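Student: Working from the sequences, and respecting the hints, build out all of it.
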Amino acid sequence: MDIYLRNEIDLDGQIEVVDQQFQVEVKEKDGTLYLIYSNDEAEKVVIKCDEEELVMTRFSTPKSIMRFISGKEAIVTIPTPLGIQHFVTDTKRYQLNSSDQSVQLQYELKGLENQQVFASYDLEISWK
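The numbering of the sequence shown is the UniProt record's numbering, which starts it at 1 and goes up by one.
Don't take every hint at face value.
What the hints assert, rightly or not - Distance condition first, Cα-Cα at most 25 Å in a straight line; then the derived BS3-like pairs of lysine-lysine:
#1 Lys128 - Lys110
#2 Lys128 - Lys72
#3 Lys29 - Lys44
#4 Lys48 - Lys27
#5 Lys110 - Lys63
#6 Lys63 - Lys44
#7 Lys110 - Lys92
#8 Lys48 - Lys72
#9 Lys27 - Lys44
#10 Lys72 - Lys92
#11 Lys29 - Lys128
#12 Lys27 - Lys110
#13 Lys110 - Lys48
#14 Lys92 - Lys48
#15 Lys44 - Lys128
#16 Lys63 - Lys48
#17 Lys48 - Lys128
Unchecked claim - Label pairs and their calculated CB-CB ranges:
#18 Ala42 - Arg93: 30 to 38 Å
#19 Asp30 - Asp100: 19 to 27 Å
#20 Ile78 - Ser99: 28 to 36 Å
#21 Asn97 - Val46: 13 to 21 Å
#22 Gln104 - Gly13: 16 to 24 Å
#23 Ile9 - Asp30: 29 to 37 Å
#24 Met1 - Glu73: 29 to 37 Å
#25 Gly111 - Met1: 31 to 39 Å
#26 Glu28 - Asn114: 35 to 43 Å
#27 Lys29 - Glu8: 16 to 24 Å
#28 Asp100 - Thr61: 17 to 25 Å
Since the hints were derived computationally from the structure, they do not count as laboratory data. Just so it is clear, the structure is predicted and the values come from calculations on it, not from any experiment. All C-beta atoms in this analysis are idealised placements derived from N, C-alpha and C, irrespective of residue type, glycine included.
Tutor: Shown next as structure tokens:
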């Protein structure tokens with residue numbers, strides 16, 4: 001089975017589309033779905049999602065955790081060239097469709113201190 005990730009990124013009006021495909025292991029436990037794969041950098045990635053939230057953990061050095069809660073903001077920690085940075089994900093739309101095997105996610109990445117929008121994202125994840 002494969003996972004498909006299509007991420008449309010709006011960075012100050014400049015649109016970039018990133019399409020990725022990887023082999024995926026799909027597990028379900030207690031109503032929570034787990035999608036486990038290795039990315040282009042050979043890092044293990046685990047996407048954990050249910051009806052209300054999605055957490056994407058990349059087991060890099062250091063570990064990166066992104067959290068998306070339907071209609072809410074969440075503080076996230078992301079390693080950058082400047083060191084560990086703290087941001088806020090403001091999830092505008094989150095929809096898990098288990099029967100369709102897809103997730104749709106629209107969010108903004110903001111600075112933790114000033115709430116300035118760095119970029120807007122439209123992410124679609126599917127597994128077939």
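Student: Could one say that the CB atoms of Ile9 and Asp30 fall in the range 29 to 37 Å?
Tutor: holds, 33 Å
Student: Quickly compare the C-alpha distance for Lys48 and Lys72 to 25 Å and report which way the hint goes.
Tutor: It holds: about 17 Å lies between the C-alpha atoms, which stays within 25 Å.
Student: When you check the alpha-carbon spacing of Lys27 and Lys44, does it fall within 25 Å?
Tutor: holds, 15 Å
Student: Between Lys48 and Lys128, is the straight-line Cα distance small enough, at 25 Å or below?
Tutor: Roughly 17 Å between the alpha carbons, so the hint for Lys48 and Lys128 holds.
Student: Using the C-beta atoms of Lys29 and Glu8, is the stated range 16 to 24 Å upheld?
Tutor: violated, 31 Å
Student: What's the verdict on Lys128 and Lys110, does the C-alpha distance respect the 25 Å limit or exceed it?
Tutor: It is violated: about 32 Å lies between the C-alpha atoms, which goes past 25 Å.
Student: Is it true that the CA of Lys27 sits at most 25 Å from the CA of Lys110?
Tutor: Between Lys27 and Lys110 the Cα gap is close to 31 Å, so the pair fails against 25 Å, i.e. violated.
Student: Is it true that the CA of Lys110 sits at most 25 Å from the CA of Lys48?
Tutor: Given that 25 Å is the threshold and the Cα spacing comes to 22 Å, the pair holds.
Student: Would you say the C-beta atoms of Asp100 and Thr61 sit inside 17 to 25 Å of each other?
Tutor: Violated, since Asp100 and Thr61 (Cβ atoms, about 35 Å apart) do not stay within the stated range.
Student: Next pair to validate is Lys63 with Lys44; report whether the Cα-Cα distance is within 25 Å.
Tutor: Cα-Cα ~10 Å, so holds.
Student: With 30 to 38 Å as the target window, see if Ala42 and Arg93 comply at their CB atoms.
Tutor: Given range 30 to 38 Å: holds, Cβ gap about 31 Å.
Student: Is 13 to 21 Å a correct range for the gap between the Cβ atoms of Asn97 and Val46?
Tutor: holds, 20 Å
Of the numbered hints stated above, those contradicted by the structure are hints 1, 2, 12, 27 and 28, listed in ascending order.
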